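Participant: The lines below spell out each chain.
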Amino acid sequence: MADTSNIIEIRELTKNYGDRRAIDHLSFNVKKGEVVGFLGPNGAGKTTTMKIVTGFIAPTTGEVKIAGYDVFEDPYEVKRRIGYLPETPPVYGDMIVADYLDFVARLKGVESSRVPGLVARALEKTQLTDVRKRLIQNLSKGYRQRVGLAQAIVSDPEILILDEPTVGLDPRQVAEIRRLLQELRGSHTIVLSTHILSEVQATCDRAIIINGGRIVAEDTLTGLTNRLRGNSQIHIRVRRNASDLAQALERVSGVTEVEMSGMQIRVQGHLSDDLIEKISEAAVQQRAGLLEMTQPDAGLENIFIELTSQH
Amino acid sequence: MRSILLIAKKDFKQVVTSPLFFVICAFCTIVWTIMYRVFLQQFASQSMMSMMQGSQAGQSLMNTVFMQHISVVNLVLIFTLPALMMRLISEEKKLHTYDLLLTSPVSSTDIAVGKFLAGFGIATVLLFVSFLYPAFTRILADFNWSTLFVLYFGIWLLTALYSAVGLFASSFTESALLSLFIGVVFNLLIWFAGQSGAGSDIQWVASVSNYISVGQHLVHFLKGMIKISSLVFFVSSTAFFVFLSQRVVESSRWR
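Just so you know, the protein sequences line up as chains A and B, in that order.
Under our numbering, think of the first position of the first sequence as 2, with each following residue one higher.
Under our numbering, think of the first position of the second sequence as 3, with each following residue one higher.
Simulated from the structure, these hints should not be mistaken for laboratory data.
Nothing here was measured: the structure is a model prediction, and the numbers come from that model.
Don't take each hint at face value.
Said to hold, decoys possible - BS3-like mimics (lysine-lysine), calculated; alpha carbons at most 30 angstroms apart, straight line:
#1 B:K225 - A:K142
#2 B:K15 - B:K95
#3 B:K15 - A:K134
Take these sequences, add in the hints, and give me the full structure.
Facilitator: If you want it as structure tokens, here you go:
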């Protein structure tokens, strides 16, 4: 068996739909207990990858191993270990919530004696206990999404694969789902697909960014943020002496470019905490009257746009 | 086995508690009640006639009333069973619950067989309703129970075939309406398949037609005979359509 610390191992995964290549030699690993964000614009191949990992469809070439089991040689062992929430929650409108979860737990091969306990736990974690006797078709979209999430966790799987779990929810419901993910962290390995960056920032340890079926970046969040920060900008707004300050800043080591327009200065360089300190010191020495100092591109948003617009 | 029963139980419960099932049951009972009354009246007046003509040999209930009833039941089932089966797979595809089934540790065979059993169970409920008509005729007239049971056993096997066909039609498409249409067409084909070549001069065409003719097999059951060839025909053709459905379910993993 391969290294057990990698609970998901994906090697050279390729999937063609006719002539169209949805994913192209994708390889990555997920460690046990990790929360990984699977990011990409719509149509990047996120859903296809998740469908292959869950054994829903077969890849054209490549290999997927879950906890050491090959998805296509031991599909049952793999499927028992995965809780999957597809884009559209797979719920039966004409069943009541509790019966539905009972059905899913048994379908996932949970022993009969454990079913009632696990159903109660899933209801409680997703805060569905109040609506457990209601027909699913009469529930609101947010509740239905929660039922979908409850179905993913009801068999207490090692791995949770969630395909855009917060799409179409109102901000309060999004916050609730995030709180739930925080709760599940640690007891499950979570792979979360999304095109919403704040979601990854809020919940994930690591992000895998894909575009056009290929991985364009794979790093921890700080790693990704630093990557762009390494060569980025700082905006300064001062009250007076802007030209003196600009000249002083040009002499600071680490600064590669200074641009001044009126009372605003744009400094480009390899930004580090040291450099930022030096810049603020220079502003004080020149008595420029520092009003504002901002780092506009610290967000994941820019990395995302930069990485995914190269294709 | 556990998964088969689990899926069968869920689907059976879902269909039997659906408004569609109640509407179809109501429709069937209305048609059967009206027709059965007509058949009984015809039988009564014919018996009266033959008595008045002084003939000793009366007509048998089995060959007149029950046979006519069975053909009406068959005709109604050809159209209504696909309507009940249409949801089995196509609805799952439409609602995306198919994703749940295919990502659960169950095989395509479990899914196909489970759904077939659910469909067959539903068909059996409907057939049981139709059985009540001849059964209660016992209050008015005396007849041989065993012949009636054999006849119903035959038509029960036929509904298994219809259920399998309905399941197969449902596995094709996301559209319930389309699967209803395909199901009805297939049922009609099955019913008429044997009729077309039956009168052929070529020996083997005639005998093949005879073997695949559902009507010919039912005639044996009507006479109170259970022939091995008929059993083999119904069981194998039902299994064939369940197998085809299983292939369609399996194929979605490879697309």
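Participant: Confirm or reject each hint.
Facilitator: Here is what the structure says about each hint:
At roughly 58 angstroms between alpha-carbon atoms, B:K225 and A:K142 are farther apart than 30 angstroms, so this suggested pair is violated. Between the alpha carbons of B:K15 and B:K95 the distance comes to roughly 19 angstroms, so the proposed pair stays at or under 30 angstroms and holds. At roughly 17 angstroms between alpha-carbon atoms, B:K15 and A:K134 fall within 30 angstroms of each other, so this suggested pair holds.
Checked against the numbered hints given earlier, this structure breaks only hint 1.
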